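> For the record, in the sequence shown the residue sitting at position 52 is 60 according to this note's numbering, with numbers rising by one throughout.
Among the hints, a few may not be true.
[What the hints assert, rightly or not] The following label-pair restraints were derived from C-beta to C-beta distances:
#, residue 1, residue 2, range
1, 54, 307, 14 to 24 Å
2, 239, 54, 18 to 28 Å
3, 128, 53, 41 to 51 Å
4, 111, 233, 22 to 32 Å
5, 323, 107, 16 to 26 Å
6, 251, 207, 20 to 30 Å
7, 39, 243, 45 to 55 Å
8, 160, 56, 35 to 45 Å
9, 239, 48, 13 to 23 Å
Just so you know, these hints were derived from the structure itself, not from any lab.
If you're wondering where the values come from, they're calculated on a predicted model, not measured in any experiment.
Cβ coordinates follow ideal geometry from the N, Cα and C atoms, glycine included.
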Amino acid sequence: MKKTKIKIEDRISGAFTGLYFGSGVNPRFSPMLTPEKARELFSKRKFGDYFSFPFYGKSNQLFDQHTQTKIVYDMLMKFGKITPELSRDYLMELHKKYDVFKGDVYGPSTQKAITKILAGEDVYEMGKTGITCGSAMKCLPIAMFFHNNMEALVENTVNTCIISHNTDVTIDAAIACNITLASLINGVEKFEAIKKGIDAVKKYHGKFGEKTSEPRIDERIETALKLLKGKSIEDAEKIIPEKIGVSWFARETIPGAFANYIVSNSPEDSSLLAMRCGGDNQTVPEIACAFLGAEKGSNIFSEEVLKNIEKINKIKIDKMAGILLNKLKKLKK
9 MKKTKIKIED RISGAFTGLY FGSGVNPRFS PMLTPEKARE LFSKRKFGDY FSFPFYGKSN
69 QLFDQHTQTK IVYDMLMKFG KITPELSRDY LMELHKKYDV FKGDVYGPST QKAITKILAG
129 EDVYEMGKTG ITCGSAMKCL PIAMFFHNNM EALVENTVNT CIISHNTDVT IDAAIACNIT
189 LASLINGVEK FEAIKKGIDA VKKYHGKFGE KTSEPRIDER IETALKLLKG KSIEDAEKII
249 PEKIGVSWFA RETIPGAFAN YIVSNSPEDS SLLAMRCGGD NQTVPEIACA FLGAEKGSNI
309 FSEEVLKNIE KINKIKIDKM AGILLNKLKK LKK
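I would like the entire structure built from these sequences, with the hints used as guidance.
Below, the structure is given as structure tokens:
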């Protein structure tokens, strides 16, 4: 098994930085752009040419990719684990402080979960209709925290999904992302890491979550590999919308994120490809750029973009990554 020589601490920092870079680099459109419209607008543009394009919200503003991920990050920093009960209690405390129904920062999955908690629904039953990308979108800090303990990684990934995305397709999607990311953090080569993610889904499919008729995530990622390995960005901007899809359902967004990563050699590639494909052009690079950061380290991301993301959203990405790394160091002692 081939491994590359970058310190694990830098890989974790790279994954964390990539998560935020990918979440904030692309403008949000409401409604989402169709692939046809996206290609019309952006197929001739280069990275960054679209930062001042008319869109929804401010340039580099973070939305539910950040808020849902931050919930998982905060619980890991506070409790060192995630359970459905902790998720329920944490969400209720969050709602008391900020009212998740106000504004557009907290996404529909979080709002739906709060509604069901307030109605007294069973935390193990309330997520059994969730089939969107929110499970994988929010779970990436788990791969960083449990990168050297795959059993705990899977357990906490499943537990994170239960409250809002307790279905086979969304749990499979989250496991695929987290096993791939943890493998990259551990120095596994790009395509070997993707294979580990696929193999994990094959191993765990059907063991967790409500059964659905959704396509198999492992098979969809395998299709992405067959279609896109060795292809260019220009090829991918046509293949991904046509053969994989660009909606925010897990069956499309997560294989789409893997497809984006397969052909992207840099965060700029990932951002540009997501813009040209249309659809969910923020969750896709969030996941793909986390993969890239874990593979290549934390120095591959534009300082200018990161500084603007931090300024607009009043966050300190390095500080948050540092807290995570310090927590991991203490756990090793």
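> Decide, hint by hint, whether the structure agrees.
Here is how each hint holds up against the structure:
1. 54 - 307: 14 to 24 Å: holds (21 Å)
2. 239 - 54: 18 to 28 Å: Cβ of residue 239 to Cβ of residue 54: about 19 Å, so the range 18 to 28 Å holds.
3. 128 - 53: 41 to 51 Å: Between residue 128 and residue 53, where Cβ atoms are some 50 Å apart, the hint holds.
4. 111 - 233: 22 to 32 Å: Violated, since residue 111 and residue 233 (Cβ atoms, about 39 Å apart) do not stay within the stated range.
5. 323 - 107: 16 to 26 Å: holds (20 Å)
6. 251 - 207: 20 to 30 Å: holds (22 Å)
7. 39 - 243: 45 to 55 Å: violated (27 Å)
8. 160 - 56: 35 to 45 Å: holds (39 Å)
9. 239 - 48: 13 to 23 Å: The hinted range 13 to 23 Å holds for residue 239 and residue 48, with Cβ atoms some 21 Å apart.
The earlier numbered hints that this structure contradicts are 4 and 7.
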